[in-house]
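Got chain A sorted already, so can you dock chain B onto it with the hints?
2 protein chains.
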Amino acid sequence: MSVHVRRDADFQPELRKNLVTREWVVIARGRGKRPSDFAVPTGEQEPVPEHDSKCPFCTGNEKNTPPEVFAVRDGGGANSGGWTVRVVPNKFAALRREGSDQVRQVGLHTARDGHGAHEVIIESPAHNLDLWEMTEGQVESVIEACQQRFLAYESGEILHYVLVFRNHGARAGTSLEHPHSQLIAAPVMPRQLQVEMQGAAAYWEYLGKCVYCALIEDELRSGERIVLETRHFIGVTAFAGRYPFETWILPKRRAIRFAAMSEEEAADLARVLKDTLGRLAGCLNRPSYNYAIHTAPAAEHNVRAYHWHMEIFPRITTLGGFELGSDIYINVVAPEEAAVFLREAKAPVG
Amino acid sequence: MSVHVRRDADFQPELRKNLVTREWVVIARGRGKRPSDFAVPTGEQEPVPEHDSKCPFCTGNEKNTPPEVFAVRDGGGANSGGWTVRVVPNKFAALRREGSDQVRQVGLHTARDGHGAHEVIIESPAHNLDLWEMTEGQVESVIEACQQRFLAYESGEILHYVLVFRNHGARAGTSLEHPHSQLIAAPVMPRQLQVEMQGAAAYWEYLGKCVYCALIEDELRSGERIVLETRHFIGVTAFAGRYPFETWILPKRRAIRFAAMSEEEAADLARVLKDTLGRLAGCLNRPSYNYAIHTAPAAEHNVRAYHWHMEIFPRITTLGGFELGSDIYINVVAPEEAAVFLREAKAPVG
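Protein chains in written order, with this note's numbering: chain A, 9 to 358; chain B, 9 to 358.
In isolation and in its complexed conformation, chain A is listed as follows (with noise of 0.2 Å):
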């Protein structure tokens, strides 16, 4: 069960609006200020094997996999043990290979095949590390796989939307313990881009410039939410967070794909999102959280005003009716409160 914060009857609550989607959300905080508050129980967490001779993402179980489709080595073929990253169909899929691109009435109602791709980034050979607890060069690895891999998708032409995320903990969906990431790509333009692209349209429209550049900019000056920065990265937790400890981390250098980013960039970024999940594993005692990297699709290549970045949400509350109803988000955490907390948190040790 997620932890139930009661939100502090003193405290004036305040509407804040996202600066991109333009959507409000009610920063309520919660009773409790320490971080320690939400975080997650240690009795709910229990020690995991690092290797697990049942778990089809360890080394030895290769077999029991689709094939895979990439895979960073140290040594040895496709489908046997050597490897450092492996990326493989999922095996319950979302979304498939199979079926037509048509769109079909049924009744009133428009549907399509569900046609697609999804892909589990198998992350570390080791069964139970999260990221943060890997090495640089093994989370540069990963990062690695996922530029690839929306390489991949990007020179098709029907699957244009390609979503990387990852879940972690059983709050944030995950099944499966061992370290992975998936990738679903779409036929579709999800809600969540078009609305980002359309904010950042407009206000490239009214402004003359990105709206993430804006943000980089203003955040660096109010210092305010600032987590961390380094040369080629902010992270900063979200003005309009919907969750508790939303953080975002943002490339400086406007790029509106993923996969445009450069080596000496992709080093950087393996720093950054190892020591940004360190601070919040430290900071909510390992929560739950899922992560997703937002970015352009190929074929919006002529799209300017878009910029590419990744958001983290801890799950460490639940959401209800009103959420759900209306589509805003009551956060029970002041997002400078919660950069305040992870500017001095540090990874867990052992």
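What the hints contain is simulated information worked out from the structure, not anything from laboratory work. Hints should not be assumed to be uniformly reliable.
Put simply, identical chains are the same to the list, so a pair is met inside one copy or across any two.
Derived pair list, reagent style DSBU-like, types lysine-lysine, alpha-carbon separation capped at 35 Å [claimed, not checked]:
id	residue 1	residue 2
1	K260	K99
2	K25	K99
3	K99	K62
4	K217	K62
5	K62	K25
6	K354	K25
7	K260	K217
8	K25	K217
9	K62	K260
10	K354	K62
Just chain B now, kept in the frame of chain A:
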């Protein structure tokens, strides 16, 4: 923890479009095909007493809530016993009476005071009943209370958006067992309603009729997703439902506002709501669920193209990074199959 449903490797997934909001969802049927595969294990549910002396919503504890703003009473004075339904301000309100309605700039960002209202509708003196376990008369009183509170806010000027919603069970975000709904009145329009109203307006513009009326006709014609039909309402699983067993209750007579319902319609709704929630409880072993009343703000009284309704979301699966990152939901139960189960289901006995 929620039930993890592995998708059926042999089921061809389908992308479906919500007729009103035009969002896509993926219907990727789970391996499990009987509702018991999704049902909450019985062991998780502990018996709840009929009266809890520590519960602020139980009879005798009226002093432990802020003073009531509405009640249905057989006797007794305000804030004493003798009530059947009681409405009180939420002590831990997400939005408050205080504050101004001025928008302010915070650097580049926009914010405003969390001015609004947040109330609790205590639905019964009994501590341990879900809505479907109450008498029809009791459910009618709950609906009357909702109507009265909508009317109270609709006469105001600033808080023109009002949502009544219900969180039942820990997975649906509730922190108090005592049966209750909540009302939040906000000074801003939420995205969900905006998108629904825009979708309904666009449909009207192109096709000259209400999209929800068209939906009702189409669902009655096909019968595939109908759960129940009464004189004034239909209960139907949503063609592009985001959640397994997502069920909508629609009034046959188009009215843009919930509060405009006649007494006869309200009595019928009480039966339909009790019946539908009872079927879900029987089918899924008393799952956590949310519902929300979707109604146009009174300030939009010149809007023709809307149709108030209720949406019920059982919370038997966990949202992951794909849903949160793209806003495309993966639903592991085909709505047509859910409807078959719900048509046959009965409320649990005892």
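A quick look at each hint next to the structure:
| no. | hint | result |
| --- | --- | --- |
| 1 | K260 / K99 | neither (37 Å within a copy, 43 Å between copies) |
| 2 | K25 / K99 | between (40 Å within a copy, 25 Å between copies) |
| 3 | K99 / K62 | within (16 Å within a copy, 49 Å between copies) |
| 4 | K217 / K62 | neither (52 Å within a copy, 56 Å between copies) |
| 5 | K62 / K25 | neither (47 Å within a copy, 38 Å between copies) |
| 6 | K354 / K25 | within (30 Å within a copy, 44 Å between copies) |
| 7 | K260 / K217 | within (14 Å within a copy, 49 Å between copies) |
| 8 | K25 / K217 | both (19 Å within a copy, 34 Å between copies) |
| 9 | K62 / K260 | neither (43 Å within a copy, 53 Å between copies) |
| 10 | K354 / K62 | within (33 Å within a copy, 40 Å between copies) |
The structure fails to meet hints 1, 4, 5, 9 from the earlier list, while all remaining hints are met.
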